[in-house]
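Here the protein sequences come in this chain order: X and G. Oh and the first sequence: position 107 is 107 in this note's numbering, straight run, nothing missing. Oh and the second sequence: position 324 is 324 in this note's numbering, straight run, nothing missing.
These are computed hints drawn from the structure, not numbers from a lab. Do not take every clue at face value.
[Said to hold, decoys possible] Covered stretches of chain X, going by a simulated chain G footprint (3 or more residues, C-beta under 8 Å): (1) 25-34; (2) 124-134; (3) 286-299; (4) 336-342.
[Claimed, not checked] What follows is a list of derived Cβ distance ranges for each label pair: (5) X:Arg25 <-> G:Glu196: 48 to 54 Å; (6) G:Arg60 <-> X:Ser5: 30 to 36 Å; (7) X:Ser5 <-> G:Thr307: 37 to 43 Å; (8) G:Pro132 <-> X:Glu196: 30 to 36 Å.
Beta carbons: idealized from backbone N, C-alpha and C, even for Gly.
2 protein chains.
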Amino acid sequence: MDLSSIGEFGLIDRLKKRIFRPDRRVVVGIGDDAAVLRQSSEKLLLLTTDVLVERVHFDRRIQSYRQIGWRAMVASVSDVAAMGGEPGHALVSICLPADITVEQTEEVYDGLHSVAEEYGFSIVGGDTVSSPRDLVISVFLTGEVREENLMTRAAAQTEDLICVTGQLGGAQAGLVMLQSLKDKEKTPASAFPENEWQQVRDRHLWPRPRLREAQLLAREAGVHAMIDVSDGLAGEVGHIARQSGVGAEIWEQEIPVGQQTRRLAEHLGISPLDLALHGGEDFELVFTMAADQRRRILQAVTEETGTSIAVVGKVTAAQEGINIVSSQGDRIPLVAEGYRHF
Amino acid sequence: MDLSSIGEFGLIDRLKKRIFRPDRRVVVGIGDDAAVLRQSSEKLLLLTTDVLVERVHFDRRIQSYRQIGWRAMVASVSDVAAMGGEPGHALVSICLPADITVEQTEEVYDGLHSVAEEYGFSIVGGDTVSSPRDLVISVFLTGEVREENLMTRAAAQTEDLICVTGQLGGAQAGLVMLQSLKDKEKTPASAFPENEWQQVRDRHLWPRPRLREAQLLAREAGVHAMIDVSDGLAGEVGHIARQSGVGAEIWEQEIPVGQQTRRLAEHLGISPLDLALHGGEDFELVFTMAADQRRRILQAVTEETGTSIAVVGKVTAAQEGINIVSSQGDRIPLVAEGYRHF
Numbered sequence: 001m002d003l004s005s006i007g008e009f010g011l012i013d014r015l016k017k018r019i020f021r022p023d024r025r026v027v028v029g030i031g032d033d034a035a036v037l038r039q040s041s042e043k044l045l046l047l048t049t050d051v052l053v054e055r056v057h058f059d060r061r062i063q064s065y066r067q068i069g070w071r072a073m074v075a076s077v078s079d080v081a082a083m084g085g086e087p088g089h090a091l092v093s094i095c096l097p098a099d100i101t102v103e104q105t106e107e108v109y110d111g112l113h114s115v116a117e118e119y120g121f122s123i124v125g126g127d128t129v130s131s132p133r134d135l136v137i138s139v140f141l142t143g144e145v146r147e148e149n150l151m152t153r154a155a156a157q158t159e160d161l162i163c164v165t166g167q168l169g170g171a172q173a174g175l176v177m178l179q180s181l182k183d184k185e186k187t188p189a190s191a192f193p194e195n196e197w198q199q200v201r202d203r204h205l206w207p208r209p210r211l212r213e214a215q216l217l218a219r220e221a222g223v224h225a226m227i228d229v230s231d232g233l234a235g236e237v238g239h240i241a242r243q244s245g246v247g248a249e250i251w252e253q254e255i256p257v258g259q260q261t262r263r264l265a266e267h268l269g270i271s272p273l274d275l276a277l278h279g280g281e282d283f284e285l286v287f288t289m290a291a292d293q294r295r296r297i298l299q300a301v302t303e304e305t306g307t308s309i310a311v312v313g314k315v316t317a318a319q320e321g322i323n324i325v326s327s328q329g330d331r332i333p334l335v336a337e338g339y340r341h342f
Numbered sequence: 001m002d003l004s005s006i007g008e009f010g011l012i013d014r015l016k017k018r019i020f021r022p023d024r025r026v027v028v029g030i031g032d033d034a035a036v037l038r039q040s041s042e043k044l045l046l047l048t049t050d051v052l053v054e055r056v057h058f059d060r061r062i063q064s065y066r067q068i069g070w071r072a073m074v075a076s077v078s079d080v081a082a083m084g085g086e087p088g089h090a091l092v093s094i095c096l097p098a099d100i101t102v103e104q105t106e107e108v109y110d111g112l113h114s115v116a117e118e119y120g121f122s123i124v125g126g127d128t129v130s131s132p133r134d135l136v137i138s139v140f141l142t143g144e145v146r147e148e149n150l151m152t153r154a155a156a157q158t159e160d161l162i163c164v165t166g167q168l169g170g171a172q173a174g175l176v177m178l179q180s181l182k183d184k185e186k187t188p189a190s191a192f193p194e195n196e197w198q199q200v201r202d203r204h205l206w207p208r209p210r211l212r213e214a215q216l217l218a219r220e221a222g223v224h225a226m227i228d229v230s231d232g233l234a235g236e237v238g239h240i241a242r243q244s245g246v247g248a249e250i251w252e253q254e255i256p257v258g259q260q261t262r263r264l265a266e267h268l269g270i271s272p273l274d275l276a277l278h279g280g281e282d283f284e285l286v287f288t289m290a291a292d293q294r295r296r297i298l299q300a301v302t303e304e305t306g307t308s309i310a311v312v313g314k315v316t317a318a319q320e321g322i323n324i325v326s327s328q329g330d331r332i333p334l335v336a337e338g339y340r341h342f
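Let the sequences and hints guide you as you build the complete structure.
Right, here's the structure in full:
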């Protein structure tokens with residue numbers, strides 16, 4: 001169905017029904033000049049936004065519309081998680097090119113809404129406009145956090161251990177493989193059996209925010225700084241170091257990269273270490289914690305969530321800079337090389 | 001200066017300095033995963049978003065970068081105003097094409113920030129990404145409103161008077177004239193003396209939200225429904241009627257169109273009535289109020305702000321539909337013809 005056959009307000013009516021969730025805090029939802037929410041006063045309000053642009057963040061030839069919507073919302077939930085918060089309410093602005101149908105637009109919203117359903121929050125408004133060429137999705141998400149649980153990038157302390165949840169590099173490996181399958185002449189990628197990289201593919205297509213893990217970590221006084229991984233470990237450790245006024249040392253052999261990611265990296269001729277350090281969108285958490293509480297904190301999170309946590313380095317004095325210690329014991333300055341927008 | 005010469009984080013550092021405003025409620029501002037705000041509990045929270053897309057909402061050949069930023073922020077402030085609220089905090093996501101320079105990007109933020117300065121709120125975060133072709137600006141704004149002052153589109157009552165602040169049609173007339181000057185072959189537009197359409201031009205280039213007027217109206221118990229004019233009077237009255245479950249009657253001869261707009265419309269061969277009914281982005285307020293409080297309410301607002309208010313029609317029963325009564329006394333069904341995105 002063409003968008004022009006139902007128009008802007010017809011589209012909004014349809015989308016509104018798809019993304020409705022009962023929520024007692026919503027006084028006015030979609031359809032007025034602004035959404036109106038009842039707030040509790042004990043908590044701090046979090047605000048975050050992520051924008052996804054076609055040809056930059058996603059490719060309609062690789063991802064389904066539902067996956068594009070899912071990914072757009074996950075990025076914001078991951079940001080709220082990294083502050084120790086609980087997602088509150090989302091607005092979605094979408095710029096729709098002329099070649100997109102009503103059904104495809106609804107699939108994008110189904111993806112967005114699935115994340116909201118799974119993590120218990122509502123989409124309460126937004127803006128739908130036309131776009132001359134590219135599909136652009138802009139998500140705004142509020143969140144709440146008790147002041148004592150607030151986590152920032154700026155609170156790392158010298159001698160803290162640096163930790164990572166789950167595994168790194170998978171999302172980027174999956175993306176490279178999907179791209180090479182799309183362009184089969186470039187790489188004989190189809191030679192790699194599908195069941196051997198399915199998990200890695202899903203790290204790119206269906207990323208998951210570490211909301212529960214983040215909330216558990218935020219309650220621990222020994223956890224000091226936290227950030228989510230959107231641009232690779234090197235970049236995120238760099239943000240923590242700069243904003244906390246400290247240095248950092250990363251131990252190469254401790255960086256968690258899964259077996260499927262390693263095998264796929266080998267097949268693609270990419271270094272697994274590069275994927276983990278500079279690959280984007282794993283949405284894992286990087287955090288620093290007091291070394292003497294290591295055992296208790298890691299055990300608490302792993303027992304409750306089943307998510308493994310790796311200790312990958314330590315916080316040093318600022319003047320030591322940010323370094324990686326290789327498996328051979330060499331100390332090399334670490335430079336972030338995440339996706340460069342410009 | 002090329003964006004690539006300073007990169008994403010260099011750009012964020014520069015923009016951060018330009019848009020800084022001291023704000024005691026900001027616990028964490030730009031530079032973490034989310035902005036963190038201290039909230040008061042007595043008020044409702046408002047959330048709104050507007051996205052501006054190049055070639056759809058603006059034209060870099062007609063508007064300066066500063067004007068584009070100004071316009072993007074005004075749209076959201078006007079939405080918060082229309083709910084009876086006070087702007088709280090803004091996030092800005094911007095998609096930057098490769099041909100835009102650091103200086104031009106800073107001008108966009110200067111425009112955004114000027115609105116924040118003038119209406120007393122802060123920009124506390126956002127996202128900066130690259131765009132394959134078009135400049136896209138997405139503004140997200142929170143606001144606060146006391147529950148007793150909340151204004152929606154859904155509260156109009158039969159027999160209410162329908163009112164409009166200021167004058168209509170100017171923004172659209174200014175846009176059409178600017179477009180025809182850009183393409184001089186089409187119209188001998190330059191024959192029209194500049195000082196005779198300067199005010200109208202500024203209605204398009206420097207629109208102003210009616211924040212103070214909206215707040216005064218919201219405090220009056222006799223004011224029932226409110227909306228801002230982004231798509232012309234016909235569309236906005238239609239939204240109020242549908243969402244309140246009422247009909248409406250608009251009196252053609254009462255619709256306020258300024259002298260400059262009328263003269264420019266004549267020069268351009270457009271009907272001034274069409275501009276007022278279907279022209280976009282005047283950012284005036286349309287509201288309904290109890291007829292018996294007319295004198296007191298209009299006097300209170302006009303004395304305090306100097307803004308004129310016109311009574312342009314009345315709310316009727318739903319089954320009568322939405323009609324316009326022409327100067328000759330004819331009753332014609334009114335159809336909204338605002339900008340069709342698709």
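Hints, one by one, checked against the model:
With 6 residues having a beta carbon nearer than 8 Å to a beta carbon of chain G, the region 25-34 of chain X meets the requirement of three or more and the stated coverage holds. Closer than 8 Å: that is the beta-carbon criterion, and the region 124-134 of chain X has 11 residues meeting it against chain G, so the requirement of 3 holds. Check on the region 286-299 of chain X: 0 of its residues sit with their Cβ under 8 Å from a Cβ of chain G, so the three-residue criterion for coverage is violated. Figure legend: the region 336-342 of chain X, annotated as covered by chain G; annotation consistent (3 residues with Cβ-Cβ distances under 8 Å, at least 3 required).
Look at arginine 25 of chain X against glutamate 196 of chain G: about 52 Å separates their beta carbons, and that is inside 48 to 54 Å. For the pair arginine 60 of chain G and serine 5 of chain X, the supplied restraint of 30 to 36 Å holds, since their beta-carbon distance comes to about 32 Å. Between serine 5 of chain X and threonine 307 of chain G the beta carbons are some 40 Å apart, a value that agrees with the proposed interval 37 to 43 Å. Look at proline 132 of chain G against glutamate 196 of chain X: about 33 Å separates their beta carbons, and that is inside 30 to 36 Å.
Checked against the numbered hints listed earlier, the structure breaks hint 3 alone; every other hint is satisfied.
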